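For this one, chain A is given, so just place chain B on it according to the hints.
Chains as they are written, first to last, in numbering that gives the first Met the number 0: chain A, 0 to 322; chain B, 0 to 322.
FYI, nobody ran anything at the bench for these hints, they're computed from the structure.
Hints may be right or wrong, so weigh each one.
Copies of the same chain are indistinguishable here, so a pair counts whether it falls within one copy or spans any two.
[To be verified] DMTMM-like cross-link-like pairs, simulated, lysine to aspartate or glutamate; straight-line CA separation at most 20 Å:
no.	residue 1	residue 2
1	Lys151	Asp28
2	Lys232	Glu283
3	Lys151	Glu195
4	Lys134	Asp208
Since this is a predicted model, take the numbers as computed values, not measurements.
Number of protein chains: 2
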Amino acid sequence: MHSIAELSTLIEEGIFNAGFPQQPTGLYDPARYILSVGGKRIRPLLALMGAQVFADDVKPHLPVALAMEVFHNFTLVHDDIMDNAPLRRGKQTVHEKWDVHTAILSGDAMMIQSYVLLAGGPSNALMPLIDMFNKTALAVCEGQQDDMDFEKSEEVEIDAYLEMIAKKTSVLLGCSLYCGAISAGANEDQAALLYEAGLKLGISFQIQDDILDTYGDSSFGKQTGGDIARNKKTILFLMARDLANETDCALLLRLYHDSASSESEKIAAVRNIFDKYAVKEHAESLMARYYEESRAALSSLHSTKNGVDPLLKLFDQVFTRTT
Amino acid sequence: MHSIAELSTLIEEGIFNAGFPQQPTGLYDPARYILSVGGKRIRPLLALMGAQVFADDVKPHLPVALAMEVFHNFTLVHDDIMDNAPLRRGKQTVHEKWDVHTAILSGDAMMIQSYVLLAGGPSNALMPLIDMFNKTALAVCEGQQDDMDFEKSEEVEIDAYLEMIAKKTSVLLGCSLYCGAISAGANEDQAALLYEAGLKLGISFQIQDDILDTYGDSSFGKQTGGDIARNKKTILFLMARDLANETDCALLLRLYHDSASSESEKIAAVRNIFDKYAVKEHAESLMARYYEESRAALSSLHSTKNGVDPLLKLFDQVFTRTT
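Isolated chain A, as found in the complex:
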């Protein structure tokens, strides 16, 4: 069995080119650039660790793992255009470094390349791999659309919000585990459990993201309250809106529409309402539930070649962050 460090080395070596042709450079250089900018590579790592549950040799499954990372980076390139984001991981986004047209076309080529990589996995697994990848890729687009629609809507329900974050980010974590496992010979039931584990880990991670943005440890220089400042409808906001009495709810909505008050005053006032209704604790409890369900799905996998202990350890690492 390979350690996480060994798997990470395999991924970094593979992602360096990811099979992109050299020419035309205007098309492929931006793809190489965004892939070189880094990131945690959590998706290919999940894919290889999912494969390692069922097989000792992970190398045949590396293309499938890289497909997940290339697809994820394609979504970043296009989402950054839609979000008008100038920076990604501290570096210029593709549409800033080049232009919007380049970011569109290079992103398209990256998406296609993720299918090229996927087809480089074991041929007897191609059908379930393609089916899961197609389903996931469409869900990711739907999640991005829902996210943009929600920004304009006053009526977002908590269930719809959870479905949106699941589609936008978590399904690809589930897909990564599923595809790694299927590639390595898992049966459909086994792979489905890994999918569920990845999906729920992702949802719990996104809830944690919302909590940390407002209540995280700011001693590492990351400013807290950014979501409130940008009027972002997080799980904390939605819970507070649903729990608050009429007066507090109206105040919360006014604060979210008010551009007059100072940013720090606004953050303090919104946190005040959050605290009054203990939404941090409510969100933490929801997060913990998804996390426990995620571990339970993993733990219910029995009689595999190498077991799920390394994955359980990775899940714990992902979960016990403070920023």
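The following block gives chain B in isolation, referenced to the frame of chain A:
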């Protein structure tokens, strides 16, 4: 065997929804819109006719045929953004009717949906279908990149131009015939001949496009000379540049950089140079060569179930247009 009219009806019925989910409408309505705007549906028709060479029942191959049309329309949605085109087939383009962000994301979903459709073909053909489709899809992106690069370059060679038009439009015609045939049980050699036929038909069609824009029949209201007015580097321009003496070449380049003279004077002056060096005839001869090679590839297919006569007839129809 189905007639072209029967196949077209099958395609129109299928494309009406093309399997897109209803929700979210912000994502899928633009896809349904651009697919409803029409077009000649030449790609799915080629796919079904390619299938019909080898099988009587074309219905199992309809998803594969629709994949070609959905992919083609995805490229239109994204290309129209890059070309700042307000109209497509006389109707508003997606980024005009909605906005650029919608056109990016809906286009992405269309591309994924084309893989969903492709995976709906016969499962034993999935690997060669995906391989050809991946190769073609990347080539189409490369062709679009080359086209944009060429617009800024003074040094485009005729061979590079022919490769660009092949990638941008012709490979998908070859791919359509190939995939229809493979889906219907053709072997690799047979499908490769159909690919070659589609590729070369496409190149000859694109050369014809360049010729008709300058020398076409304007009695149907289509104005001739638009490419010259827009300084487009067509095969006629490239041939004239290569054939002309130093003085005429300099004049041609000046006309292509000059925004002072009136449009009609400019078109007349450029046509004058084209005529002097008989570039229409040179281009027609090149077009005819590709067309003959295309027919020859088709005709070399022997011992198939239903023969290639309907395809030869379709090729002739495509070729004998005057606008």
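Checked hints:
Only between protomers do Lys151 and Asp28 lie at most 20 Å apart by alpha-carbon distance; the minimum there is 18 Å, versus 35 Å within a single protomer. Taking the shortest alpha-carbon separations for Lys232 and Glu283, only the intra-copy value of 17 Å comes in at or below 20 Å, while the best inter-copy value is 62 Å. In this assembly of identical chains, Lys151 and Glu195 lie within 20 Å of each other by CA distance neither inside one copy nor across copies; the values are 30 Å within and 50 Å between. In the homo-oligomer, the alpha carbons of Lys134 and Asp208 never lie at most 20 Å apart, since the shortest distance is 25 Å inside one protomer and 39 Å across protomers.
Of the numbered hints given earlier, the model fails hints 3, 4; all others are met.
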